[in-house]
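Novice: One-letter residues, chain by chain:
2 protein chains.
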Amino acid sequence: MAHKDTAAVPVKGSKLMVIGGASLVGSATVDEMLARGAEQVVIFDNLSFGGQPNIAHLLDNPRVKIVQGDILKLHQLLAATEGLDGIVHLAAYMTLNFDRDPWGGIDVNIRGLQNVLEACRANRVKKVIFASSNAVYGYGPGVKGDLVEDTPFHAAGAPPAAILYGASKIIGEQLCRDAHRKHGQDYIVLRYSTVYGERQHYRAANALYIVETHDAIKRGQRPKVIGDGSETKHFVYVGDLARANCMALEAPTTDVAVNTSGPAPVTTLELVTLVAELSGRPDLTPELVEPDPTKVRLTSGGAFEIVHTAAKAAIGWEPKVDMREGLRRLLAWRDAEAMRNAAE
Amino acid sequence: MAHKDTAAVPVKGSKLMVIGGASLVGSATVDEMLARGAEQVVIFDNLSFGGQPNIAHLLDNPRVKIVQGDILKLHQLLAATEGLDGIVHLAAYMTLNFDRDPWGGIDVNIRGLQNVLEACRANRVKKVIFASSNAVYGYGPGVKGDLVEDTPFHAAGAPPAAILYGASKIIGEQLCRDAHRKHGQDYIVLRYSTVYGERQHYRAANALYIVETHDAIKRGQRPKVIGDGSETKHFVYVGDLARANCMALEAPTTDVAVNTSGPAPVTTLELVTLVAELSGRPDLTPELVEPDPTKVRLTSGGAFEIVHTAAKAAIGWEPKVDMREGLRRLLAWRDAEAMRNAAE
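The listed protein sequences derive, respectively, from chains A and B. Taking UniProt numbering, I'd label the letters of the first sequence as residues 1 to 344. Taking UniProt numbering, I'd label the letters of the second sequence as residues 1 to 344.
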């Protein structure tokens, strides 16, 4: 499918692979690829985070192939990438896992990507979409105002695990650039902001606010807000990221890193209030609590906004789903899941 | 030798190891440890960069033990760290090597340090001094003004290899912090600025100016300055770093990262003029030339100064040797080497 004179990999008719394909973003990306007419989509995943329910609806799809594999095993990647046109690489440790096991995080986020790039080079896979993160801008009070693609990495005062995670993404982006310079590997880096949406899990430090708030409200309790609630969060809806992954493959662009964030940031107080309202309990007003010093928390001092105009220019993407609509979908999915589980 | 109530490891009477001990900084550090009365100093080095001449004067010293080993082999580190009180860890790829072999750079700078920390934990080595770099502040026009320990990492526009190197040092620092938090590992991070001095080699991108200038003058040619010569460099004399390494071991302090830079920055024009003057050829005035786009060069846009006051507070260190005196010593050493080689 690939053309020599452009970095475009049209999804329709192509053979693609999503590494970490059983994850929140991965499963949504596979759905989007299938909807756009991909000939085959390989889900490469070690299934270590219990993603099986996310891809249960895909098991009987003749266009889907599931490979239980490990990106630390280059021979498995070499086998799985044969004949592919493009790859979306999502598999990574996030901050909470880096705290538990920094060695594993470095293995997966850095060595894993090196293996992916080696496999793509060996099998001439035209284009790699690498999931980076707004963590490349760092943490703490230094992170404020408009975050654009050349904003530096602020680390002062952040926990080791958070800095390790952010730096692992900085390194990942440069490994892609290096592969482009040395071997002509086409790639696009998407710097995801905090993802939320249907199939939300409990592993991401930032998105926890949403599910913890919803859980509290279901128990009839007032949701808790840590600090004064003025902290900024800038989420992005999972379906918007699935579109971004496909549009990055299809764009003629290569060798660029762009932010993919939602329409606008929210404060944690706004977020929790919105979840209470959408859950039908606007009376359960948020309770402000002191931070627990024993937990890894990523606090942002100043107000910030992750600017996504470069993504529009590079791959034609902009977010479509705002927090109200995205949260409505997430909460509807969680309620349906709870009912389904109760009925079983 | 180690005390339980302080992170101090007195050099006198201790068993110490310098990883990368045959290097420019390593050999000077071993000399300094011996002068301070260390009981034993192990030089752990793979000798891959031809450092043998740097340690030739130490081969017959009964207090020196040379281990030709590889930090990628944990079992070698486990054997070498038995019974040690402290370690200075210098072994690393720098930017030019990262450009040639990014995979090797990540192995050595990240996996290598992980192995060192594992070995120190297993053998209860009291304190680790980790050589980081002012590369953690990044590159390009964003790097300007006073660089202090919480200055962020600027990467926009820099070559992949430079960013990989800087990020590998950011990760290294955090692995030390993580080991302190999880296992009580005492450590101090020293962020070296560009090192120069006797036994200067040709592998460091920044210090090349000095030796290239000296070489040109010896041939009777005008030295070349790339660009307009206004670019800032902030060097540190190798003997000052050897002292910093020993003082960091001896300080009661732990869990801190500090800058170790020379007395003041210079512009490249000042530097080249000074080398010409010290070489007895002030008439060979610098020639300004355009940058060669095919070479990895680290350009700094703005004027900057790497502030070292935190090192004074943390470990009592400040630089003693200014550029004029340090360059005088370096050039005298090179001239003596050239005469010795010519005589052989």
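The reader is advised that the hints may include incorrect statements.
Stated by the list, open to error - List of simulated lysine to any residue pairs, SDA-like, C-alpha gap at most 25 Å: (1) Lys182(A) with Pro159(B); (2) Lys182(A) with Lys73(B); (3) Lys65(A) with Gln40(A); (4) Lys144(A) with Asp146(B); (5) Lys224(A) with Val307(A); (6) Lys182(B) with Ala156(A); (7) Lys182(A) with Lys144(B); (8) Lys182(B) with Gly157(A); (9) Lys73(B) with Gln40(A); (10) Lys312(B) with Gly157(A); (11) Lys144(B) with Lys73(A); (12) Lys12(B) with Val67(B); (13) Lys182(B) with Arg340(A); (14) Lys182(B) with Lys73(A); (15) Lys73(A) with Asp107(B); (16) Lys73(B) with Gly157(A); (17) Lys218(A) with Arg340(A).
To be verified - Here's a subset of chain A near chain B, in silico, CB distances under 8 Å, partners left out: (18) Ala156; (19) Gln174; (20) Gly229; (21) Leu274.
In short, the hints are calculated from the structure, not lab data. Idealized CB from N, CA, C, for every residue including glycine.
Novice: Which numbered hints turn out to be false for this structure?
Specialist: 2, 5, 7, 9, 11, 13, 14, 16, 20 and 21
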